[in-house]
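All chains should be built: construct the whole structure from the sequences, respecting the hints.
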Amino acid sequence: MNLLLKEIRHNPMLWLLAFVPVVIAAAKVKPEAHTLLFVLSVLAIVPLAALLSHATESVAAKTGDAAGGLLNATLGNLTELVIALTALRAGEYMLVKASIAGAIVTNTLFMLGASFLLGGLKYHVQEYNRASARMQAGLLFLATVALLIPSAVSQADSSSSFTQTLSLALAVLLIVAYGLGMLFSLKTHRAEFASAEHAEAGETPWPMGLALATLAGVTVLVALVSEIFVESVQEAAEAFGMTPAFVGFIVVALVGGAAEMAAAFSGARKNRLDLSVGIALGSSSQIALFVAPVLVLLSYVIGPAPMDLQFWPGAVVMMLIATLTAAFVTVSGRSAWFVGVLVLMVYLIFAMTLYLLPPRVQ
Amino acid sequence: MNLLLKEIRHNPMLWLLAFVPVVIAAAKVKPEAHTLLFVLSVLAIVPLAALLSHATESVAAKTGDAAGGLLNATLGNLTELVIALTALRAGEYMLVKASIAGAIVTNTLFMLGASFLLGGLKYHVQEYNRASARMQAGLLFLATVALLIPSAVSQADSSSSFTQTLSLALAVLLIVAYGLGMLFSLKTHRAEFASAEHAEAGETPWPMGLALATLAGVTVLVALVSEIFVESVQEAAEAFGMTPAFVGFIVVALVGGAAEMAAAFSGARKNRLDLSVGIALGSSSQIALFVAPVLVLLSYVIGPAPMDLQFWPGAVVMMLIATLTAAFVTVSGRSAWFVGVLVLMVYLIFAMTLYLLPPRVQ
Amino acid sequence: MNLLLKEIRHNPMLWLLAFVPVVIAAAKVKPEAHTLLFVLSVLAIVPLAALLSHATESVAAKTGDAAGGLLNATLGNLTELVIALTALRAGEYMLVKASIAGAIVTNTLFMLGASFLLGGLKYHVQEYNRASARMQAGLLFLATVALLIPSAVSQADSSSSFTQTLSLALAVLLIVAYGLGMLFSLKTHRAEFASAEHAEAGETPWPMGLALATLAGVTVLVALVSEIFVESVQEAAEAFGMTPAFVGFIVVALVGGAAEMAAAFSGARKNRLDLSVGIALGSSSQIALFVAPVLVLLSYVIGPAPMDLQFWPGAVVMMLIATLTAAFVTVSGRSAWFVGVLVLMVYLIFAMTLYLLPPRVQ
Numbered sequence: 001m002n003l004l005l006k007e008i009r010h011n012p013m014l015w016l017l018a019f020v021p022v023v024i025a026a027a028k029v030k031p032e033a034h035t036l037l038f039v040l041s042v043l044a045i046v047p048l049a050a051l052l053s054h055a056t057e058s059v060a061a062k063t064g065d066a067a068g069g070l071l072n073a074t075l076g077n078l079t080e081l082v083i084a085l086t087a088l089r090a091g092e093y094m095l096v097k098a099s100i101a102g103a104i105v106t107n108t109l110f111m112l113g114a115s116f117l118l119g120g121l122k123y124h125v126q127e128y129n130r131a132s133a134r135m136q137a138g139l140l141f142l143a144t145v146a147l148l149i150p151s152a153v154s155q156a157d158s159s160s161s162f163t164q165t166l167s168l169a170l171a172v173l174l175i176v177a178y179g180l181g182m183l184f185s186l187k188t189h190r191a192e193f194a195s196a197e198h199a200e201a202g203e204t205p206w207p208m209g210l211a212l213a214t215l216a217g218v219t220v221l222v223a224l225v226s227e228i229f230v231e232s233v234q235e236a237a238e239a240f241g242m243t244p245a246f247v248g249f250i251v252v253a254l255v256g257g258a259a260e261m262a263a264a265f266s267g268a269r270k271n272r273l274d275l276s277v278g279i280a281l282g283s284s285s286q287i288a289l290f291v292a293p294v295l296v297l298l299s300y301v302i303g304p305a306p307m308d309l310q311f312w313p314g315a316v317v318m319m320l321i322a323t324l325t326a327a328f329v330t331v332s333g334r335s336a337w338f339v340g341v342l343v344l345m346v347y348l349i350f351a352m353t354l355y356l357l358p359p360r361v362q
Numbered sequence: 001m002n003l004l005l006k007e008i009r010h011n012p013m014l015w016l017l018a019f020v021p022v023v024i025a026a027a028k029v030k031p032e033a034h035t036l037l038f039v040l041s042v043l044a045i046v047p048l049a050a051l052l053s054h055a056t057e058s059v060a061a062k063t064g065d066a067a068g069g070l071l072n073a074t075l076g077n078l079t080e081l082v083i084a085l086t087a088l089r090a091g092e093y094m095l096v097k098a099s100i101a102g103a104i105v106t107n108t109l110f111m112l113g114a115s116f117l118l119g120g121l122k123y124h125v126q127e128y129n130r131a132s133a134r135m136q137a138g139l140l141f142l143a144t145v146a147l148l149i150p151s152a153v154s155q156a157d158s159s160s161s162f163t164q165t166l167s168l169a170l171a172v173l174l175i176v177a178y179g180l181g182m183l184f185s186l187k188t189h190r191a192e193f194a195s196a197e198h199a200e201a202g203e204t205p206w207p208m209g210l211a212l213a214t215l216a217g218v219t220v221l222v223a224l225v226s227e228i229f230v231e232s233v234q235e236a237a238e239a240f241g242m243t244p245a246f247v248g249f250i251v252v253a254l255v256g257g258a259a260e261m262a263a264a265f266s267g268a269r270k271n272r273l274d275l276s277v278g279i280a281l282g283s284s285s286q287i288a289l290f291v292a293p294v295l296v297l298l299s300y301v302i303g304p305a306p307m308d309l310q311f312w313p314g315a316v317v318m319m320l321i322a323t324l325t326a327a328f329v330t331v332s333g334r335s336a337w338f339v340g341v342l343v344l345m346v347y348l349i350f351a352m353t354l355y356l357l358p359p360r361v362q
Numbered sequence: 001m002n003l004l005l006k007e008i009r010h011n012p013m014l015w016l017l018a019f020v021p022v023v024i025a026a027a028k029v030k031p032e033a034h035t036l037l038f039v040l041s042v043l044a045i046v047p048l049a050a051l052l053s054h055a056t057e058s059v060a061a062k063t064g065d066a067a068g069g070l071l072n073a074t075l076g077n078l079t080e081l082v083i084a085l086t087a088l089r090a091g092e093y094m095l096v097k098a099s100i101a102g103a104i105v106t107n108t109l110f111m112l113g114a115s116f117l118l119g120g121l122k123y124h125v126q127e128y129n130r131a132s133a134r135m136q137a138g139l140l141f142l143a144t145v146a147l148l149i150p151s152a153v154s155q156a157d158s159s160s161s162f163t164q165t166l167s168l169a170l171a172v173l174l175i176v177a178y179g180l181g182m183l184f185s186l187k188t189h190r191a192e193f194a195s196a197e198h199a200e201a202g203e204t205p206w207p208m209g210l211a212l213a214t215l216a217g218v219t220v221l222v223a224l225v226s227e228i229f230v231e232s233v234q235e236a237a238e239a240f241g242m243t244p245a246f247v248g249f250i251v252v253a254l255v256g257g258a259a260e261m262a263a264a265f266s267g268a269r270k271n272r273l274d275l276s277v278g279i280a281l282g283s284s285s286q287i288a289l290f291v292a293p294v295l296v297l298l299s300y301v302i303g304p305a306p307m308d309l310q311f312w313p314g315a316v317v318m319m320l321i322a323t324l325t326a327a328f329v330t331v332s333g334r335s336a337w338f339v340g341v342l343v344l345m346v347y348l349i350f351a352m353t354l355y356l357l358p359p360r361v362q
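Chains as they are written, first to last, in the working numbering: chain X, 1 to 362; chain C, 1 to 362; chain F, 1 to 362.
Hints are not guaranteed to be accurate.
[As the list claims (entries may be wrong)] No more than 30 Å apart at the CA atoms, straight line, and that leaves these computed lysine-lysine pairs for DSSO-like:
id, chain 1, residue 1, chain 2, residue 2
1, C, Lys-6, C, Lys-270
2, F, Lys-187, X, Lys-122
3, F, Lys-270, X, Lys-270
[Stated by the list, open to error] Simulated coverage check for chain F against chain X, where a stretch passes if three residues somewhere in it have a Cβ under 8 Å from a Cβ of chain X:
id, region
4, 108-114
5, 161-168
6, 177-184
7, 216-224
Bear in mind the hints are in silico, worked out from the structure with no lab data behind them.
In this text, a Cβ means the ideal position worked out from N, Cα and C, and glycines have one as well.
Here is the structure:
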């Protein structure tokens with residue numbers, strides 16, 4: 001517990017934890033103050049995500065690589081998962097899908113691009129393990145094909161039963177691919193992915209008891225705050241003059257990924273670009289091949305109706321372009337500041353388009 | 001003749017030749033038993049394709065490289081060509097196009113992916129000549145552009161005379177590109193493609209007389225059996241609960257390519273991945289740049305009406321994704337088992353989508 | 001002045017300058033002879049473009065790299081810019097956009113492909129600086145995404161005010177990206193782009209006075225002739241049986257880029273492929289990230305109404321394919337004649353499609 005307090009004292013981001021009780025109290029007292037609740041819940045989720053990510057890695061560090069990898073896969077994007085689950089239970093499938101697609105695009109473009117830029121401003125040229133980058137890009141490509149083909153082949157909004165059965169089959173296929181990918185990178189071909197392994201290193205792992213307790217406690221808090229966030233986000237967006245697409249894609253994704261971004265950027269500034277690329281692309285492929293299909297499977301249990309994998313065409317195009325961009329820039333295994341600018345500009349084009357998009361055409 | 005019998009005795013796949021007389025007899029006796037005829041004709045085509053492929057290579061081995069290359073180009077996909085010609089004569093243009101697109105996708109994804117996987121299960125990392133892979137991927141890319149642009153530019157189903165004239169021009173352009181590609185890889189830049197050259201090596205070539213006689217005899221048999229196959233395939237598909245798209249794309253392509261797959265997989269297991277990649281991508285580009293355009297030209301002579309190159313949009317998207325996948329995975333010239341899994345999963349996504357696709361939306 | 005006359009005497013292309021007074025006189029005497037005026041204006045623009053390009057480089061050579069680069073960016077595609085401005089003032093936005101898209105596609109595919117082919121016919125294998133090619137391909141990719149996303153996301157012809165605001169924002173973003181790209185290649189990472197720097201070398205630069213005078217005088221002449229060209233091009237196209245799309249895309253682009261093509265091809269024949277790739281891709285990205293956005297900004301000042309960046313979908317697909325082709329063929333940094341053939345064939349597919357396209361579907 002002392003360790004936890006010490007960590008909080010040294011990490012300014014964690015001071016935001018003060019907003020957790022504030023937002024929960026505010027939701028009780030003023031449930032109709034959507035804009036205020038939205039701002040407070042964003043401020044509360046960011047430090048919770050950071051704690052969650054640190055606790056997960058501490059557990060993973062103790063349990064050995066295979067189990068640790070599995071744990072990381074399940075918990076690494078826990079914030080995104082909990083937010084999406086809350087929206088899923090509320091039947092807000094549009095928001096679930098927007099937050100999945102947004103997380104993939106934001107991690108692939110914003111997290112990767114900003115890492116390249118921040119690293120490149122300090123170092124002339126940076127190198128990283130391209131085997132690992134290529135594999136993550138390949139997994140992302142597979143996931144994009146899985147989301148693209150159903151709508152490309154059936155064209156019109158085809159019979160819902162076709163989409164539903166296919167989505168279920170694709171969800172299973174993606175999870176299997178993700179599992180085999182972990183087997184490949186953690187077991188059979190470990191050596192090839194060497195330097196990308198000690199992701200998040202540099203932070204001292206917590207003892208097991210503290211880590212597990214944090215994990216349990218923080219997950220409950222994230223769930224509570226997420227509920228407030230999901231309930232307030234639509235009205236708040238309107239109040240800020242933001243389109244729902246922009247909120248789902250950009251705001252939710254930036255909030256959910258704040259902790260990973262901090263780790264990725266700090267890696268880039270320390271010339272450990274392997275770390276940054278691994279977090280950015282690994283996080284994207286985790287959401288695409290694990291979080292999204294798990295949500296489809298869970299929708300049969302907890303949702304009001306089964307959720308399918310049919311995304312809004314604009315979202316599919318953005319995921320496809322993000323994947324192509326990642327594949328294109330990581331082909332050389334080298335980076336300089338302008339590579340980061342290029343990747344960030346692609347993200348900026350998406351953000352601007354979504355921001356300006358008239359709500360009715362979405 | 002003794003040599004032929006000895007070959008048949010040693011190669012279990014050729015024992016299936018017994019089904020050739022069976023299917024021809026069955027078609028005479030029970031012409032309405034579509035499901036039975038479909039199964040029998042599939043069983044009969046597989047060994048005929050293997051014989052055809054061996055005979056072609058024996059002739060090619062004798063005639064020297066330039067003529068041999070031309071022969072291989074004309075005869076290498078003879079099974080696919082004869083099946084397609086039978087369907088063309090019957091005016092079944094949908095089936096012709098589905099079998100062309102299916103053969104390209106199946107060879108590019110299934111044959112290549114399974115080769116990577118089978119080789120990778122035995123060897124940790126395999127290397128191959130990427131110059132050759134890149135050239136085939138480039139030819140495939142050109143063919144995909146040729147099939148994509150007319151519909152992308154004209155958008156709506158445009159005037160049929162425009163599509164017809166353009167298809168004719170594109171067919172000529174693709175054949176010229178294919179011819180120049182052979183000139184490049186067999187004449188001017190032979191050395192760069194060295195190891196991919198002795199494809200199918202390992203099998204002893206037959207003497208010329210036997211090879212030519214086999215070629216002639218087997219072609220007639222394939223033509224006979226193909227006719228039964230084409231006539232029975234649609235009804236059989238319905239009986240099996242398969243969509244026509246699935247049959248045209250997946251079943252016909254797997255049947256037509258059985259012999260080449262056997263050669264590609266055996267190459268991969270012997271750590272001769274150059275061979276496997278050469279057969280898989282070479283076969284795809286042959287169909288795209290030679291078989292398909294030749295069918296368009298022949299449709300003016302033997303078909304009931306000219307055939308165009310306008311494919312079903314879903315098929316174009318699949319060919320495009322198959323080409324991008326091939327270009328992406330062959331960029332490094334190295335392979336491990338998971339690369340094979342990734343490529344096979346893309347194929348599986350296509351197969352699942354086509355299997356589940358409600359027939360009317362196609 | 002003597003120097004200028006000497007240059008004209010030694011360069012047969014400049015003899016075409018005789019057509020400049022002829023076309024201006026003809027336009028006065030026979031303003032309705034569109035076909036004649038079209039042919040004469042094409043013949044007059046080619047040598048003017050060559051003079052303009054030589055003068056620009058002479059000035060750039062004197063002013064040092066940073067200022068010279070900026071100058072080159074502004075004046076390098078001056079011919080295209082002046083033609084487009086003339087069309088812009090006339091409110092012919094279709095022609096402006098077609099000529100922008102056409103110049104990008106023509107420079108990327110025809111200029112690059114023909115350089116590879118011409119160089120490859122003389123040298124077995126040619127190598128070039130792929131860092132520079134990759135950066136230009138990256139800039140082109142960014143521009144293509146900027147043109148693609150608005151229509152992909154909004155799908156239907158969305159509200160004009162959305163398109164207009166977004167176009168303005170994208171125009172600014174592209175110009176910033178272009179400026180940062182110049183900063184990167186000319187300042188911070190100069191060394192990496194070394195050999196691509198002395199583009200157009202080999203020609204002796206003119207003295208400053210002559211260069212500036214030529215620049216001023218020729219720009220006026222180009223503007224005069226462009227006006228005749230833009231006025232006559234539509235009617236002339238019909239008389240020649242060419243579709244407006246073909247004229248805008250292919251004819252205008254070939255005419256406007258004639259001078260750069262001469263320089264790129266001569267570089268390739270001298271085994272200086274860096275020069276050719278730099279001119280071809282540099283010119284494309286200049287038009288996409290500088291000329292096109294500047295035209296959008298200028299349309300607010302000189303056009304009858306603001307111009308947006310929403311292109312005809314077929315044009316977007318062509319630009320996307322051209323960019324992918326450039327990225328694909330430059331990945332290795334090596335070239336042989338067949339690479340040129342492949343790239344030219346992609347261009348030929350576009351040209352054939354546009355030539356045959358029935359006018360009403362465009």
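Hint check:
no.: 1; hint: C:Lys-6 x C:Lys-270; result: 24 Å, holds
no.: 2; hint: F:Lys-187 x X:Lys-122; result: 16 Å, holds
no.: 3; hint: F:Lys-270 x X:Lys-270; result: 45 Å, violated
no.: 4; hint: 108-114; result: violated (count 0)
no.: 5; hint: 161-168; result: holds (count 3)
no.: 6; hint: 177-184; result: holds (count 4)
no.: 7; hint: 216-224; result: violated (count 0)
In terms of the numbered hints stated before, the structure departs from hints 3, 4 and 7, listed from lowest to highest.
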